[in-house]
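**Q** Listed below are the residues making up each chain.
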Amino acid sequence: MLLIPLLGSPLLAAALSWLVRPYRRWVGIASASLSVATFVIAILLARRCLDGAAIVLGPMEFLRADSLSAVFALLVAGGACVSTVFGRSYLDRERSDGRLGEDRLRRFHALTNVFIFTMLLAVTAHNVGIMWVAVEATTIATAFLIGLERSEGAIEASWKYILIGSIGIALAFVGTVLGYFDFVARVGPTDGALNWSVLVRVADRLDPDIMRLSFVFVLIGYGTKAGLAPMHTWLPDAHSEAPAPISAMMSGALLPVALYAVLRWKAVTDACVGDGFTDHMLMIIGALSVAVAAALLVRQAHYKRMLAYSSVEHVGLACLGFGFGPAGLPAALLHLLSHAAAKSTVFLLSGEILHRYRTTRVSGVSGLLKTMPLAGGLFLAGILGLLGLPPFGLFLSEFLLIRAGFAAGYPRLTGFVLLMVLLIFISLLGHVSRMLYGSPPEAIHRGDLPAARYVPIALSLAILVILGLVIPGPLASLLRSAVEVVYG
Amino acid sequence: MSVEIFTTVMTLASSLVLLAGIAILWRRSLPAYIHAFARQSFFIVVAVLVLAARERDRELVLVALLMFALKVVFMPAALRRVQRHVGADADVRPYVNTPVSLAIAGILTLVAYAVAQPVVALSHLPTRGGMPLALASVFVGLFIVASRRSALSQIVGFLVMENGIALLAVLATYGVPLIVELGVFLDVLLGFLVMQVFVYRIRDAFETTDVDRLRSLRH
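Note that the protein sequences, when read in sequence, are chains A and B. Its first residue numbered 0, the first sequence is counted upward by one per residue in numbering that gives the first Met the number 0. Its first residue numbered 0, the second sequence is counted upward by one per residue in numbering that gives the first Met the number 0.
None of these hints come from the bench; they were simulated from the model. There may be inaccurate statements among the hints.
To be verified - Derived DEER-like restraints, expressed as beta-carbon distance ranges:
id, chain 1, residue 1, chain 2, residue 2, range
1, A, ARG47, B, SER1, 30 to 38 Å
2, B, VAL196, A, THR358, 28 to 36 Å
3, A, TYR436, B, LEU101, 56 to 64 Å
Backbone N, C-alpha and C fix where the C-beta goes; we use that ideal spot for every residue, glycine too.
So that you can see chain B by itself, here it is in the shape it has in the complex (with noise of 0.2 Å):
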């Protein structure tokens, strides 16, 4: 594969997964936030294998293996399930309205080219352009977080989070030590556990998700 065209696959994967989490932003059901997840997921194992071809690196196709395991097929999967169990407890009133959120995910997008440019003038990878895409998917996850009120779609936003990060080491270095990057990986499938536990419990107490009803504590 030249250089042009691995540049070309790796921006164009990067892009889409900035896409699919800017998607969640106008989606306004928990399943589409779940299938947009899932899809953004699946871009960073397909540019996962892409490098892992290109470099002959057999550490970062078993990378490329437990994302697809974890990220792809069984948070999605468990997420249904969970979203099945407490109802459908849509987030169709987000804190921000669908226009505002597009417009904040720009601002983002600029802060997270502003912010990336000395990494990216640094680096001589051919994947360097995807770098700003890859930092602005970390944004508009925290932003997700922020605007959404159900639990369930603030555990989506920090998987996004999450998978903005996972690409920008994969981008920036071509992945992290595998040692560590096991270590993530456990670290986020055990939060993650710990989070739906969390979700049966807010239902259970407070007969909801809606953590806009979690204000017995501030004073």
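Isolated chain A, as found in the complex (with noise of 0.2 Å):
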């Protein structure tokens, strides 16, 4: 009965925003209290799926969660808790300073909402269709919130966006089809075709063949929302044009919950073919990420523009961490937990960056730690836990996921990805230390918002520090069964 709640209080929110005219204060407050409730709900949800329990709700099982759903949902519902509370400030700001009046105020409530909704959607659907529908969803949804502020640059990105985002989920609809045309062909059209949890148990009668092609669409498909490269190049436009907010939860949530797409074929297609093929897959085009992240990081003048690099890199990680089997699964997932906390904070206070010096360019901000203490304290924190530092989350995954390259017996492989991270860590540590130190401009005005604002960030700095520090027992096992929902 959990589903109901979790995918209903995105809902309601959204219903809010939209029905209640003109916009009021209140409403926002009841937007963000009902993320909160949400990421309860996912995490009640964990707990229940711990040892392997998978709830389903609806005719034909329409929705089913098992442990990876979970994992998604945690992840899908703390980024957006982070980002909707401490996005209030934002937004405040914003309607003070006149730039957002009262209708874009509503249609950004609404559509933030139904954007959450989407994500969560796609990560509890059992049918790997309507999955397809709700991350197709998620692109319309954004398109209109990167574009809230209708600058030149803002209608560029989601231009390039929604073309883009739109084309390759048609591809991976393309895999979709094919994956239903296999099914069909050969064990015959019955209902629930094309729920995962069928698939996977039929896999070994499925064609190999019809599945391989079928998994390189769908790999392509996803990996274009999921900002892999080549296919990541709307990426640093979106994530750089949109509101803080909203760039911390297409970066934290909606790329992984691209990945979590693959991940389904990726049973699926793993169980059919039996051999290394999309391991190898997604080994080729997570280091491939990962080193254009790191060529176009020596050179980013943009704050922004790096951390949507940044954000390549990791998904670029994650997809690694897939290939690597069974060991490199589990870090993979953790990654991407810790990269969610990480991200959706330093987005965030980007954004007050922004506010603040008026200014996208590195070169434009400089004293950072002076003229505002508290964030700069916390934009630093992030991004060293970004970089892998200890004691973050991402030093712990970042060293299983390279332990388990290596224990996979692929070690020229991962030593190349280290020494891009280690190139990555050296060009973003210089960028980020000419922002941090040096004598601020003259004319700006000094001191951060209150300090209550910055208890969301605060906290998720926090949970990013105790999964550097240890991984909590029922993660553990709830992590073990997502490895065991893949790889059966």
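Take the two lone chains, each set in its own frame, and fit them into one complex as the hints suggest.
**A** Put into structure tokens, the structure is as follows:
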């Protein structure tokens, strides 16, 4: 019964935001509170799925959540919770500055909640066709959110995003149709033929050639949405032009949701093909993404684009983990959880920096620690987390990833990726230190938001630190049973 | 209807679908693109109706009707309206000239045949001959998006691609389950409407729909 409130609360928030006219401040508060509730429900869902249990709901088991769904629901709901609660500061300011009218505020809240709903639907839908519909719907919901400010840059970014995103996702549908075709040709048309639990169960009767072809389409298609190179070209534009709370959710939550879709198909394809086919594809595309991110980060002059390319790096690392077999998968999932915590933090704070310095250029920002001591300090902590330093979660997950890579017998590839990660480390640290230190511009206003506003960010950094020190027992069993879902 | 005639009709319809897609590559005006898209959609509707009659499948009739309303009537009309509003921004200078475009379309069709070969080999359906043609339409649509400069032409390219996929689903499996089909229709419609809104915004911000002018973010 947890699935109804999980999907219901963002829907309720969306309906409230849309129906209450004109916009009232309490709607924003209600929307943020509902996102906290959604996060709590996601935690309860994860607790239920710890030991490999699955929750089903609806005719033909329309919704089905198992431990793998729960990991991603946690990540989506957590990212959404931090972004909407902290996002209230962003919205209040935009409103008092007169840049967002009542009408756009209303639309912002409604679409943000629809966006959260579609992500949660994608990870709890049982039917891979419905999963596809939900992922496609995220594109539609977010296109307007990116273009909220209607600057030339925002319009350009939204156009690229919706066009490339729609094409990518259309290719993923070709993959879905091919998978369904294989099922119908080999097993016969039955109810629930597109339900992934059914697909996995009969996978050994499917035709391996078709499944390989289907997986290629799925990987290219959902890989476009996940920002994997070379289909990542829309990502730096969209993530840097979107309002900060939306960038935070698109990077921390939406990219992993697209990877979730790949994982579901990987489970089916592996059970059918049986060799390392999907692993090799994932490793190639993952390593390529890390390398492309490294190359483009060296001379990156804009800090939001810098964070966007860092997302390309981290989805690439997660992809590698997916390719490294049963030891790599939990490391990759852990990596995505930590990345969500770190990346939402820095993207949300980048909105504060942008508002204060009025520029997206690294060279235009200096003395951040002096102008905004609290926000600057948290930003530094988030960046150090992203770089994979201890005691942050990404240190542990990257360590586990690298170890899995060597253990799986890919020392050269893993070594290469390690080198790229090191390169990214150096260039990112260089850019960020330029922003943090030095003397701030003369005319700039000094001071932070009220400290209480930073609580959601501090909490998400606290989670990041906990994930770096120890994998809590329940999380460990959740990850273990998620591995069983994929590798059977 | 005998199997031979049915097979011929379906393959013929698939060929016409691909041909309508390729026609866009040699036409030079947006109204012609829109017309070719509407015609392509119409051929798919015919194919779905023939299949529905043969299989006595009510769901497929519903799919055909929806497709007719959406892709033959509504979308072409909406595209024409947008085109009138944003002005005669005809796509006279695509990135790739006509002879090269047609040669590429030919290559894409060959690639589609190569890629679809295991699919055709596995299928026992009389419609299997059309599957490479449907896949070729997908690739041609992709090429249209990549090679045209006007935002509206890119939308048409996307819709051609979407048509190819719809046809592929019909030929390969006699249609995906209805619930998925409805979700796909909803997504395509909403995606189309959002794209349409952005065409207006691009025109308002840049005073053209030539996406080649959208280069402020390349750094």
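**Q** Compare the structure with each hint and give your call.
**A** Status of the hints after comparison with the structure:
A hinted range of 30 to 38 Å for the beta carbons of ARG47/A and SER1/B is inconsistent with their spacing of about 56 Å. Range check, VAL196/B to THR358/A: Cβ separation about 29 Å, and the 28 to 36 Å hint holds. Separation of TYR436/A from LEU101/B is about 59 Å and conforms to the stated range, judged on CB atoms against 56 to 64 Å.
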